[in-house]
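Using the sequences provided together with the hints, build the complete structure.
Protein chains in written order, with numbering that gives the first Met the number 0: chain Z, 0 to 337; chain P, 0 to 236; chain L, 0 to 291.
The set of hints was computed from the structure by calculation and includes no laboratory data. Note that CB positions come from ideal geometry on N, CA and C, so glycine has one too. One or more hints might be untrue.
As the list claims (entries may be wrong) - Covered by chain L, per the in silico footprint, the following chain Z stretches (three or more residues, Cβ under 8 Å):
{"id": "1", "segment": "100-108"}
{"id": "2", "segment": "113-125"}
{"id": "3", "segment": "260-274"}
{"id": "4", "segment": "294-302"}
{"id": "5", "segment": "305-311"}
Unchecked claim - A few chain L positions that, by computed beta-carbon distances, are all more than 12 Å from chain P:
{"id": "6", "residue": "72"}
{"id": "7", "residue": "112"}
{"id": "8", "residue": "116"}
{"id": "9", "residue": "146"}
{"id": "10", "residue": "164"}
{"id": "11", "residue": "178"}
{"id": "12", "residue": "181"}
To be verified - So the derived label-pair ranges between C-beta atoms look like this:
{"id": "13", "chain 1": "Z", "residue 1": "195", "chain 2": "L", "residue 2": "83", "range": "55 to 61 Å"}
{"id": "14", "chain 1": "P", "residue 1": "183", "chain 2": "L", "residue 2": "158", "range": "34 to 40 Å"}
{"id": "15", "chain 1": "Z", "residue 1": "192", "chain 2": "P", "residue 2": "130", "range": "35 to 41 Å"}
{"id": "16", "chain 1": "P", "residue 1": "16", "chain 2": "Z", "residue 2": "323", "range": "22 to 28 Å"}
{"id": "17", "chain 1": "Z", "residue 1": "328", "chain 2": "L", "residue 2": "68", "range": "25 to 31 Å"}
{"id": "18", "chain 1": "P", "residue 1": "56", "chain 2": "L", "residue 2": "54", "range": "56 to 62 Å"}
{"id": "19", "chain 1": "P", "residue 1": "85", "chain 2": "L", "residue 2": "153", "range": "26 to 32 Å"}
{"id": "20", "chain 1": "P", "residue 1": "127", "chain 2": "L", "residue 2": "153", "range": "22 to 28 Å"}
{"id": "21", "chain 1": "Z", "residue 1": "328", "chain 2": "L", "residue 2": "86", "range": "22 to 28 Å"}
{"id": "22", "chain 1": "L", "residue 1": "276", "chain 2": "P", "residue 2": "134", "range": "22 to 28 Å"}
Listed here are the chains, written in short residue letters.
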Amino acid sequence: MSAIENVAPEDQPVEAVPKRAMTIGSGTSFVVLLLLLIVPLFAKNFIIFQLTMLLIYGLAVLALNILTGGSGQFSLGQSAFYAVGAYTTAVLMEHLNINYALTLPIAGLVCFAFGFLFGQPALRLSGVYLALATFALATAMPQLLKLNFLEHWTGGVQGLVVTKPDAPFGLPMSQDMWLYYFTLAITLAIYIFSVNLLRSRSGRAFMAIRDNEIAASAMGVDVALYKTLAFGVSAGITGVAGGLGAIAVQFVAPDSYTITLAISLFLGMVVGGVGWLPGSIIGSAFIIFVPNIAEGISKGLSGAVFGVLLFLIIFLVPHGARQIAIVGQQLIGKLRKN
Amino acid sequence: MTALLNIKDLRAYYGQVQALHGLTFSLNEGSLTTLLGANGAGKTTTLRAICNMVRSTGAVEFEGKPLTSRSTENIVRLGIAHVPQGRGTFTTMTVEENLQLGAITRKDQAGIVDDIERMYTHFPVLKQRHTQQAGTLSGGEQQMLAVARALMLRPRLMLLDEPSFGLAPLVVRDLFKILGKINREDKVSILVVEQNAQLALELADHAYVIETGRIVMSGNAKDIANNEDVRKSYLGY
Amino acid sequence: MELFTNQILAGIATGAIYACMALAVVMIYQAIDHLNFAQGEMAMFSTFISWQLMQVGVPYWGAFVLTLVFSFIGGIAIERILFKPLTKAPILTNVAGFIALFAIINSSAGLIWDFTIKQYPTPFGSSPFLGSQLISTHQAGMIGVTVLLLLALYFFFQYTRMGLAMRAAASLPESARLVGINTSWMIALGWGMASAIGAIAGMLIAPVVFLEPNMMGGVLIYGFAAAVLGGLTSPFGAVVGGFLVGIFENLAGTYIPGVGNELKLPIALALIISVLVVKPAGLFGRHIVKRV
Chain Z
0 MSAIENVAPE
10 DQPVEAVPKR
20 AMTIGSGTSF
30 VVLLLLLIVP
40 LFAKNFIIFQ
50 LTMLLIYGLA
60 VLALNILTGG
70 SGQFSLGQSA
80 FYAVGAYTTA
90 VLMEHLNINY
100 ALTLPIAGLV
110 CFAFGFLFGQ
120 PALRLSGVYL
130 ALATFALATA
140 MPQLLKLNFL
150 EHWTGGVQGL
160 VVTKPDAPFG
170 LPMSQDMWLY
180 YFTLAITLAI
190 YIFSVNLLRS
200 RSGRAFMAIR
210 DNEIAASAMG
220 VDVALYKTLA
230 FGVSAGITGV
240 AGGLGAIAVQ
250 FVAPDSYTIT
260 LAISLFLGMV
270 VGGVGWLPGS
280 IIGSAFIIFV
290 PNIAEGISKG
300 LSGAVFGVLL
310 FLIIFLVPHG
320 ARQIAIVGQQ
330 LIGKLRKN
Chain P
0 MTALLNIKDL
10 RAYYGQVQAL
20 HGLTFSLNEG
30 SLTTLLGANG
40 AGKTTTLRAI
50 CNMVRSTGAV
60 EFEGKPLTSR
70 STENIVRLGI
80 AHVPQGRGTF
90 TTMTVEENLQ
100 LGAITRKDQA
110 GIVDDIERMY
120 THFPVLKQRH
130 TQQAGTLSGG
140 EQQMLAVARA
150 LMLRPRLMLL
160 DEPSFGLAPL
170 VVRDLFKILG
180 KINREDKVSI
190 LVVEQNAQLA
200 LELADHAYVI
210 ETGRIVMSGN
220 AKDIANNEDV
230 RKSYLGY
Chain L
0 MELFTNQILA
10 GIATGAIYAC
20 MALAVVMIYQ
30 AIDHLNFAQG
40 EMAMFSTFIS
50 WQLMQVGVPY
60 WGAFVLTLVF
70 SFIGGIAIER
80 ILFKPLTKAP
90 ILTNVAGFIA
100 LFAIINSSAG
110 LIWDFTIKQY
120 PTPFGSSPFL
130 GSQLISTHQA
140 GMIGVTVLLL
150 LALYFFFQYT
160 RMGLAMRAAA
170 SLPESARLVG
180 INTSWMIALG
190 WGMASAIGAI
200 AGMLIAPVVF
210 LEPNMMGGVL
220 IYGFAAAVLG
230 GLTSPFGAVV
240 GGFLVGIFEN
250 LAGTYIPGVG
260 NELKLPIALA
270 LIISVLVVKP
280 AGLFGRHIVK
290 RV
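Here is the structure:
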């Protein structure tokens, strides 16, 4: 059965977010950066570890945000890229004794290639079909990592233990604190890169595809190239996050990277605001802290409490934290006028 | 004659942008009125505001009943049929299903069956194609289907948004002839929005000219058609 | 060769489960235009309600009917309370809502009925069907119910005015409002029907997979896959898709070396995706031509 249907420009699954609205003002950025720099100095090691994870998941959410918010492609497979990044780092560090800092760019490149290649067949899919395809990737990954013939490298179900690096140059700080600042530096670099990427020619191409694929191709945007490129970049950043995650947790195992992780990252993106890069860190905070809060409120019903909290958030701010930022900006604007 | 539709100080907005700036006009029972104006003057918005499909303020009364707080579907249920721009055809359904949908709010099965037959006599081409998917019809046929679908409601008032759009001149003439007949024989009041002013004025008995969201002229359709100044400055022919 | 036919038979038997769930998926997709990730959990909860009713002495078919009514009303209530307020929110926010609903239902069911598995009765018996060890009378009954359900849905959508109105609301909401259809209620009705169909699926599946709060996790994914494979707009396609997925899965498990139980799912999904790459609208879906 086939029918011709004239659909007026279809409702876009992802809202058009103007480039300008994707970042925050320099004043706010400065305050946030200052907080990120100072807080760990006064925190316990466990808190510092959590802050490190906050940054790492923030990176992974950011990566998804580039893919979904930037180019309009939906992915439930981010956990697979995260896993590949984590295993790349772990294997390089533990089997080949490569310095941890050097493993990260390799993890990024491996994942970039993986994402770029995965983007090829995914090109023909969109919406729920793409969701299903990426979902398949996410469910397959833990099983693939358990495969027998890889066991020598991956450690099979047992996984691999990763050594936590010491601070270099005899710097007087704990391993956790060093890793935090190391992660912070990488996060900032990637954040700045991402902001610039979305402002560049490629970023404009991503957004043109997001807003109207047919119109974009009519304007001469190489849709296939940029869609796969978006997948590659997103996977690459996720891979770096995965590598950092492996170092921070000191352990990789197949079952750490299930579909649950991919869903968490997705929720982080929605809570932070789809297409709003600074929201990634807020989304990451949601991923890390809200399940704990839910557990704290009720042990037996933690899932239900989590669901209710999530509903409250999306009822109050259906556009995520971005909505709060916009309201805040308007308020400040009004105050300045008066 | 009593006013069927009364509009007072109608203002409409798309987001922050105001598209209508206080429209006031009325429509008599049994009349065939046309709303003329250039592109972007607010003709479509006026029709959409009557059916509450766009954010608006002001008073709209139909047979004395206020419409402003009603939802679109409830307004339709009062007997206002709206043929939107682009015709709103259910393209994946058959011609007959489209007609059935026009009468979806009616309860009288027998009446519906009769009306479908009546539409087939008004528009014989629809009968030939009644099992075809509506999306496979030509533009003119789809417009006829849209008008027929609207009539299936047994409306008191029919709102038509640019029925001539994209149709060949001969098809437009046919369509307008049928509209006139429906107006006279079925006692359906019609408000038709048109860019093709010449044709609309031939058909209508009353006309309003709208410019940038305001009514700038109203009167007997013949008078407006014969007034050269108006024709030149507003209607462009 | 006998192994092959046996695997196909076994595939049809499991496929019946997926076909049933896929029908519910198509139903909700027609109404709201996306997939509801919490649908499996809703079905699981309904199944528990029917189990509870049977525990207090209601006979099977009584519990069955009561559960359908409960599920229908429950589905409408969920839409009215939780998702109507999100109508204007972005689609991805709605998806987050489905995940939240999933968490709420799963966790509540766990608290009320705990996570131990429970036996669930079948009205069809579980002896071999027509002498075959691979298909039991229950599975045959399940195929029968699925086909009946499919026919009922087909009749409803093709020949009733309500079905026509629901189709219209799903395909062009604005035009539907312009003929006087209350599209918002059509969506709620879609939720109710999907919830009731899901309940039927749950009650038929429970004797096979046993009753517990996580019973639908895998089933829903296969149900999605089946619906997508068949083309999300076609109930018939969904049922065919369900059987195909069941057969795929069994054949992959048998003939592709190194595929244990664990890799069955990804391989079945990969196969489906390859089909979709060739036929993006699914096997029986309507191809929609897009324009700017």
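- Does the Cβ-Cβ separation between residue 85/P and residue 153/L fall within 26 to 32 Å? holds (30 Å)
- Message: Verify this for me: three or more residues of the segment 113-125 of chain Z with a beta carbon less than 8 Å from a beta carbon of chain L.
- Response: holds (count 3)
- Quick one: see if chain L covers the segment 294-302 of chain Z, three-plus residues with Cβ-Cβ under 8 Å. With 4 residues in contact (Cβ-Cβ under 8 Å with chain L), the coverage given for the segment 294-302 of chain Z holds.
- Task: Please test the hint of 35 to 41 Å on the beta carbon pair from residue 192/Z and residue 130/P.
- Result: At roughly 59 Å between Cβ atoms, residue 130/P and residue 192/Z fall outside 35 to 41 Å, so the hint is violated.
- Kindly confirm whether 22 to 28 Å is satisfied by the beta carbon distance between residue 276/L and residue 134/P. holds (26 Å)
- Task: With a C-beta cutoff of 8 Å, work out whether three or more residues of the segment 305-311 of chain Z approach chain L closely enough for the coverage to hold.
- Result: holds (count 5)
- Taking the CB of residue 56/P and the CB of residue 54/L, does the distance hold inside 56 to 62 Å? holds (58 Å)
- Item | Whether residue 178/L stays farther than 12 Å from all C-beta atoms of chain P, as the label says | violated (5 Å)
- Satisfaction of the hinted span 22 to 28 Å by the C-beta atoms belonging to residue 328/Z and residue 86/L: For residue 86/L against residue 328/Z, whose Cβ atoms are near 26 Å apart, the range 22 to 28 Å holds.
- Message: Under 8 Å between beta-carbons, do enough residues of the segment 100-108 of chain Z, three at least, approach chain L for the coverage claim to hold?
- Response: violated (count 0)
- Find the nearest Cβ of chain P to the Cβ of residue 146/L and say whether that gap is larger than 12 Å. holds (25 Å)
- Cβ-Cβ distance between residue 16/P and residue 323/Z: within 22 to 28 Å? holds (25 Å)
This entry does not satisfy hints 1, 10, 11, 12, 13, 15, 17, going by the numbered hints stated previously.
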